[in-house]
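Assemble the complex: chain A is given as a structure, and chain B must be docked to it using the hints.
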Amino acid sequence: MILPATIQKHNKRAIISPCWLGVKRAIPIVLGYIPIGFAYGVLAGKSGLSETNTLLMSLIVFAGSAQFIAVGLFASGTGPAAVILTTFIVNLRHLLMAASLAPNLSGWKKRYLAFFSFQLTDETFALHSSTADKLNRCRPEALSLNMTAQISWVAGTGFGLVASGLIGDVKPLGLDYALSAMFIGLLVGQCGSPVRVVTAILSGAIATILYLAGLHQFHIIIATIAGATLGLGVEMWTKR
Amino acid sequence: MSVVTYLPRLLPTLFLSGKRLRPAFASWLRLVAPAVLAAMLVPSLLIKEETIDIGMDNLFFWAALIIFPVAWKWNSLVATVMVGMCLIALGRYLGLGM
Chain A
1 MILPATIQKH
11 NKRAIISPCW
21 LGVKRAIPIV
31 LGYIPIGFAY
41 GVLAGKSGLS
51 ETNTLLMSLI
61 VFAGSAQFIA
71 VGLFASGTGP
81 AAVILTTFIV
91 NLRHLLMAAS
101 LAPNLSGWKK
111 RYLAFFSFQL
121 TDETFALHSS
131 TADKLNRCRP
141 EALSLNMTAQ
151 ISWVAGTGFG
161 LVASGLIGDV
171 KPLGLDYALS
181 AMFIGLLVGQ
191 CGSPVRVVTA
201 ILSGAIATIL
211 YLAGLHQFHI
221 IIATIAGATL
231 GLGVEMWTKR
Chain B
241 MSVVTYLPRL
251 LPTLFLSGKR
261 LRPAFASWLR
271 LVAPAVLAAM
281 LVPSLLIKEE
291 TIDIGMDNLF
301 FWAALIIFPV
311 AWKWNSLVAT
321 VMVGMCLIAL
331 GRYLGLGM
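Protein chains in written order, with the numbering used here: chain A, 1 to 240; chain B, 241 to 338.
To be clear, the hints were calculated from the coordinates, so they are not data collected in a lab. For clarity, every value in this text was computed on a predicted model and none was experimentally measured. We treat Cβ as the ideally placed atom computed from N, Cα and C, and that holds for glycine.
A partial selection of chain B residues facing chain A, derived with a Cβ cut-off under 7 Å: (1) Leu254; (2) Ala273; (3) Ala278; (4) Ser284; (5) Ile328.
One chain only, chain A, in its complex shape (with noise of 0.2 Å):
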């Protein structure tokens, strides 16, 4: 006969593992968002952003590029709706990383899914779609890999806002070039096929001519749609 007490201690062990396992496999993740969340603390508080409303975004809106962007555009005096809509038109990627991964969900609780969906990003989606076929089965481990690179984000966002009192221009440290050089990272990291290269450099030269003919907000939302579309066509054509 088992003991209750053992069958507790057992229990709390099965829950804890799994969690360590997720915090473990956050690791790289961390290492990226300490500095890139301080980049981001250090130009948000440059920008004459409040640091409540600075953290705040780390806590509620929790997305690199988009806070960049958004703190780029309260600094050059742009409305409210505009920074929505561009938020909203950056995030549009998540919709399909989300959709890649809900086949692997089907098990999960309703509320498990608010949680872990709120939480998605490029980095943790990239971790959860290596190993999608498990993540029915290791909800515990999932949840504690995303819940830790969020913290390293906020911490990495304190930091940064400690250091924006500290530091006088931020542009003898390269730090304006963050949100550039991440979009590379992420935009390497999505050209594995020649489709998608020639997508990127369909909707890149059609953003830049937009933006030189004087769209200077609608010129993303509106490459993106042109830049896949052209894309999917050349992707049948080449089927053919």
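Relative to chain A, chain B alone:
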């Protein structure tokens, strides 16, 4: 911002778990990610003050040419961002450009 970030992440996991997308729409969605990243990135590298500028003083453009292979070779976001920021810092320190 919180809402427009959360909805695209939440709705598919809630409503698509178990369902299948139309293949053409799924392929199109797959291309949105590279398209949106390139649309945000390319103008920021090429355009300075409303015109295309790929002169030596456009550090953003030249650093990008160096870190594209870095990103491709190491496949690491941290390395890409770190090398990128260091190159910009170095370029400015040496007075090569803005």
